[in-house]
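If you read the sequences in order, they're chains A and B. First residue of the first sequence? That's 189 in the working numbering, and the numbers climb one at a time after it. First residue of the second sequence? That's 73 in the working numbering, and the numbers climb one at a time after it.
Hints were generated in silico from the structure; no laboratory data involved. Think of the CB as a built atom: it goes at the ideal place given N, C-alpha and C, for glycine as much as any other residue. A hint or two may mislead.
Quick look at which bits of chain B chain A covers, simulated, 3 or more residues with Cβ under 8 Å [claimed, not checked]:
id, segment
1, 278-289
2, 300-312
3, 342-356
4, 471-482
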Amino acid sequence: MSDQPATLGENVLTDAPERRLNMIEAINEALDIMLARDPDVIIMGEDVGYFGGVFRATAGLQAKHGKNRVFDTPISECGIIGVAVGMGAYGLRPVPEIQFADYIYPGLDQLISEAARLRYRSAGDYIAPMTVRSPFGGGIFGGQTHSQSPEALFTHVAGLKTVIPATPHDAKGLLISAIEDNDPVIFFEPKRIYNGPFSGYYDKPVEPWKKHPDSVVPEGYYKVPLGKARVVQEGEALTVLAYGTMVHVAEAVCREKGVDAEILDLRTLVPLDIKAIEASVEKTGRCLIVHEATRTSGFGAELSALVTERCFYHLEAPVERVTGFDTPYPHSLEWAYFPGPVRIGEAIDKLLKD
Amino acid sequence: MADPRAPSESNRPALALHVPEPKYRPGDKADFSHIDIGQPGDQPRPDEGIHPSQMAGLAYGLVRVLGDDNHAHGPWNPRLDPETLRTMLGHMALVRAFDERMFRGQRQGKTSFYMKCTGEEATSIAPAMALASDDMVFPSYRQQGILLVRGYPLIEMINQIYSNKADKLKGRQLPIMYSSREHSFFSISGNLATQCPQAVGWAMASAIKGDSRIAASWVGEGSTAEGDFHSACTFAAVYNAPVILNVVNNQWAISSFSGFAGAERTTFAARGLGYGIAALRVDGNDALACYAATEWAANRARGNDGPTLIEYFTYRAEGHSTSDDPSGYRSAQEREEWPLGDPVTRLKNHLIAIGEWDEQRHAAMDLECAERVKATTKEAEKNGILGHGLHHPFHTMFEDVYEDLPWHLEEQAEQAIRERIAKFGTERPFG
Ligand SMILES: Cc1ncc(C[n+]2csc(CCOP(=O)(O)OP(=O)(O)O)c2C)c(N)n1
């Protein structure tokens, strides 16, 4: 179960009518609320205006908030991020959408050399308070250009924050936090779980979010703080570190195997909730890291190093990483590539062997 | 199957790659008589609301005001009063004196790096005077003149160049990469052309908010080859942004002549036309023409008539930077032969021609500029020079990466201070 967002008093939650949203609806609601609360928030991106985005995340927002606040852009990621830096310097709080994470690369220089370093290089004179939303990850037969998980490119950059929600509840609360944050935030939305959590069995019917407890999304404004991991389930046998889609896949595998795992949904990779990681690994003595991105220099390598450096004397087995393979994301062999139940199951067996 | 790397055996004509080559290399006699510079006063000054498609003459020609007779000619004459002209000349003389002194300072080991704007002073000073002081500028690294116009203290510039303990940028930036929000001067990036779409974004924001301020960016002609410049043009055109995109065509990008940015085929101003952006090509060594062009573009932007691309046709009279020696790639004669002369001399001669200036006053002004820069340099040196320990406290290295210090940077800061103490027994051996 999700812990309650730190900024929400308990009474607020119990008073709130129970509503169930999918992740797209939750994101749309966060954007709507922020457009209404803060006149400096603007949304732009390819097809986000009248049409409401190829995944419908901005549906209805232009009609409600006007063309000055929500508008389409030329197909130029360099331009989108570049103008967002300038808008931030003016005092706006832009929320650009990059249609797919796979297409963020033309904007990288503006993100890495400009947005990320602006506060530092100007000694706080200028900031880039933008939130770059982008659907990422595979499992939708998107081929190599609609499936990538490039989070490690961004966690490697000093000055950027990287946020990845795994539930509708968190997507809304984290997005609101990201928009209010005064640093540039990369907000990757796991598109495989836009409409429902994913067990890793692509051949089983999709379960809608409605049946999942974390699809209960409070109405109105609330925040899930950046830098706080979520304990998905407590356990004693091993710690699983995951984010995005893989939280659900790992959870399903542990359930299926009857493993008493403690699963942490990291939520933000930078800043990372190192305390939660340390506490869990020190308790269980075993650590499994799961991500969909390619293995070499993936964020799992960073996690593995941190756990080894900081929890070495508590470890009873080498840290295990389950990741995508170091190939481009294939089309027809998508499910052979995806770090699914078999790969995760094997790693768990290995970790628990002795 | 045929080897795909083997040349085709068809009887079609052989293709040839064109690799641009500048006309003159070291030792060559430079002759610029092939460059058509038109006549002062020969370009019409259209209404600011003109459609860009009607601007071909202005994009391929050259807007000039100051003639060889040292008088102002034609409809682009901005008709500035003598006091304003003297102020303009004063800024140009000061930036030249400043460049001289800072260049020498680098040679004396007081800092790591410097870049002059010699020969291009008019392209930043005149536009800065034509803009309102709260219009937002997104400069490249050769627009120090803007800061002088806006009254940014010289000593702050030197503190930044020396990266000393008084440096407002906390010693984080390469010399000359200034930033001053107070002066509506954006933080300079070393990554070429990134400022172009940023200026457009700022201008879009100003329009979104119904503000009246406009934005202007400067970029070198070499850097117009970057995608950022073209994204900026696209966005500026699409949203009709109140922005001025200045291209300083000083003929050289380090050792690469303007042909490597496409100058053999077209003018830089003409690029604007393809985007549907108003375009002016201006004598960049003619301060009056530079002023008039900016004034025109600013009027256009303020009237919601959209962006303007201005090419300043000028010449980089000195090396690219303190790290460059242009004698290795271009003819030393180019500077003297440049057909559009020197911007400071031309403005000075104009003021003299209209009876508002004389050689004695000019010499006195030059002396005063040199003295002022020298005295300010001495003052700044009290705050330290690069590498002499009078830097900011150590912990500042870790600040401003994020608004708040995350745990990993706090840990790294502790490590850095430990290392320092291990080496010197104190965190700040000199300071
Ligand atoms: C993206 C990028 N590529 C390369 C460089 C290295 N570089 C610095 S200045 C320069 C030449 C720029 O020439 P130009 O745009 O004509 O401006 P100028 O120096 O003549 O004012 C180059 C290649 C850089 N700073 N940034």
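Structure-based check of all given hints:
Under a criterion of three residues with beta carbons nearer than 8 Å to beta carbons of chain A, the stated coverage of the segment 278-289 of chain B is upheld, 4 such residues being counted. Only residues whose C-beta sits within less than 8 Å of a C-beta in chain A count toward coverage, and the segment 300-312 of chain B has 6 of them, enough to reach three; the restraint holds. Check on the segment 342-356 of chain B: 0 of its residues sit with their Cβ under 8 Å from a Cβ of chain A, so the three-residue criterion for coverage is violated. Proximity of the segment 471-482 of chain B to chain A, defined as three or more residues with a beta carbon under 8 Å from a beta carbon of that chain, is established by the 7 residues found.
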